[in-house]
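Enquirer: One-letter residues, chain by chain:
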Amino acid sequence: MAFTLEMALLALEKFNAAVEEKKDYLTDLDSAIGDADHGINMNRGMKKVMEKTSGKEYGDFGGLFKDVAMTLMSAVGGSAGPLYGTFFMKLGHKLTGHAEASTEDMADAMQEGLNGITSLGKSQTGDKTMVDALQPAIDALRAAAPEGEPVAWKAATDAAQKGMEDTIPMLAKRGRSSYLGERSIGHQDPGATSAFYLVSAFRDACTGQ
Amino acid sequence: MVGILIVSHSEDAARGIAQIARAMSVAGGDMQIVGVGGNDDGGLGVSVAKISEALTEMLPKCDGILILPDLGSSVLSSRSAVGMLPDEEATKIVMTDAPVLEGAMLASIEASTGADLPAVAKIAQEAKNLKKIDH
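Just so you know, the sequences run in chain order X and G. Here the first sequence is numbered in the numbering used here, starting from 1 and rising by one per residue. Here the second sequence is numbered in the numbering used here, starting from 1001 and rising by one per residue.
For the record, the hints were derived by calculation from the structure and aren't laboratory data. For every residue, glycine included, the Cβ atom is placed at its ideal position computed from N, Cα and C. Keep in mind that the hints are not guaranteed to be accurate.
[What the hints assert, rightly or not] Under the rule of at most 27 Å between Cα atoms (straight-line distance), these lysine-lysine pairs were calculated in the BS3-like manner:
#	chain 1	residue 1	chain 2	residue 2
1	X	Lys173	G	Lys1128
2	G	Lys1122	X	Lys122
3	X	Lys52	X	Lys14
4	X	Lys122	G	Lys1128
5	G	Lys1092	X	Lys122
6	X	Lys66	G	Lys1092
7	X	Lys66	X	Lys52
8	X	Lys22	X	Lys173
9	X	Lys48	X	Lys14
10	X	Lys66	X	Lys94
11	X	Lys23	X	Lys173
12	X	Lys47	X	Lys66
[Unchecked claim] Now the stretches of chain G that chain X is said to cover, found in silico as 3 or more residues with beta-carbon under 8 Å:
#	region
13	1040-1053
14	1072-1080
[To be verified] Sample of chain G residues lacking proximity to chain X, with all beta carbon distances greater than 12 Å (derived):
#	residue
15	Arg1015
16	Glu1089
17	Thr1096
All chains should be modelled from the sequences, with the hints used to inform the complete structure.
Expert: The structure is reproduced here in structure tokens:
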């Protein structure tokens, strides 16, 4: 079994549905420490992604993820636009020419994507950002890859969730929340939360949930 | 001549600052001073596509471009837009950490004298030390 183009399209649908459903929750998290727009921005961006990709024929991951990237970069409006945009752009570069990918290939491609995020945002693990959900998820995905896709994606999602929750006691070092200094402690990072939804969407698409 | 691109979360702010900076330059209408901002729906935010379009339009008319972002996603979006350009074009663009209005004014005056990109960027950065009120 492998991760297919159909699964990628399904994952995008599920991610869109998650940010739609959790729009207010993401915005609430963001109003505590950010500028209260993460839910609205991600919702707007993913809606545009669905408009752009639905009904279009894709031959490989490269074409699909490039469309996702360019749309998010333009439509989101906040920092999540270039950050998620870069993630999907690098993911697409790594998987260009492929319509199927092994779990190890997905972990490698997602790591490229995450490297794009850290290079753009000058961020690292522990800064209270989406990186704190994505890095443990990718590590868990790679480690559990030999056990098959359902196990590996479940491990990745569990790790993303833990990473997201681990942002609560962290002091924000990046973005608007970093201007709050110590007052950012005690709040869950909205970017790490939407990143958890993204990993969950990949898992659900992969396991047919 | 070096061009200046102002990137703000507000299109009105970006254009207004560009207008003020243009008025300060001695070259007047010959200068490329452009302001972009707002999300694709016209609200507050930043769009990488708008920055890319502005850069693509300015590049053939400028010896170099100084980008002045307001903050946060303006910085990330500008960096993304520059990152998508071919290397030979990306090397003609510099983003500066400067107060956007004061930086744009000083950069505009410097650029209108024919100064090169490093000099214009340096002046913009020095706007951080500009004293507006003498106590």
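Enquirer: Taking the hints in turn, state whether each one holds.
Expert: Now the hints, each set against the structure:
Straight-line distance between C-alpha atoms of Lys173(X) and Lys1128(G) comes to about 22 Å, which keeps the hinted pair within the 27 Å bound. Annotation: proposed proximity of Lys1122(G) to Lys122(X) holds, straight-line Cα distance about 23 Å (limit 27 Å). Proposed proximity of Lys52(X) and Lys14(X) is supported: the alpha carbons are some 15 Å apart, at most 27 Å. Restraint check: the Cα-Cα separation between Lys122(X) and Lys1128(G) comes to about 22 Å, which is no more than 27 Å; the hinted pair holds.
With a C-alpha separation of about 22 Å, the suggested pair Lys1092(G) and Lys122(X) falls inside the 27 Å cut-off, and the hint holds. The suggested pairing of Lys66(X) with Lys1092(G) holds, with an alpha-carbon distance near 25 Å, which does not exceed 27 Å. Restraint check: the Cα-Cα separation between Lys66(X) and Lys52(X) comes to about 11 Å, which is no more than 27 Å; the hinted pair holds. Our distance criterion of 27 Å between C-alpha atoms is met by Lys22(X) and Lys173(X), whose separation comes to about 25 Å.
Between Lys48(X) and Lys14(X) the alpha-carbon distance is near 14 Å, which keeps this suggested pair within the 27 Å criterion. As the CA atoms of Lys66(X) and Lys94(X) are separated by approximately 11 Å, the hinted pair is consistent with the 27 Å bound. For the hint pairing Lys23(X) with Lys173(X), the CA-to-CA distance comes to about 24 Å; that is within 27 Å, so the pair holds. Of the supplied pair hints, the one linking Lys47(X) and Lys66(X) holds, its CA atoms being roughly 16 Å apart against a limit of 27 Å.
A stretch counts as covered by a chain when three or more of its residues have a beta carbon under 8 Å from one of that chain; for the region 1040-1053 of chain G and chain X the count is 10, and the coverage holds. Closer than 8 Å: that is the beta-carbon criterion, and the region 1072-1080 of chain G has 6 residues meeting it against chain X, so the requirement of 3 holds. For Arg1015(G), the requirement that its beta carbon stay farther than 12 Å from each beta carbon of chain X is met, with the minimum near 18 Å. Consistency note on Glu1089(G): stated as away from chain X, and its beta-carbon is indeed over 12 Å from all of that chain's, at 18 Å minimum.
No Cβ of chain X approaches the Cβ of Thr1096(G) within 12 Å, the least distance being about 16 Å, so the stated non-interface status holds.
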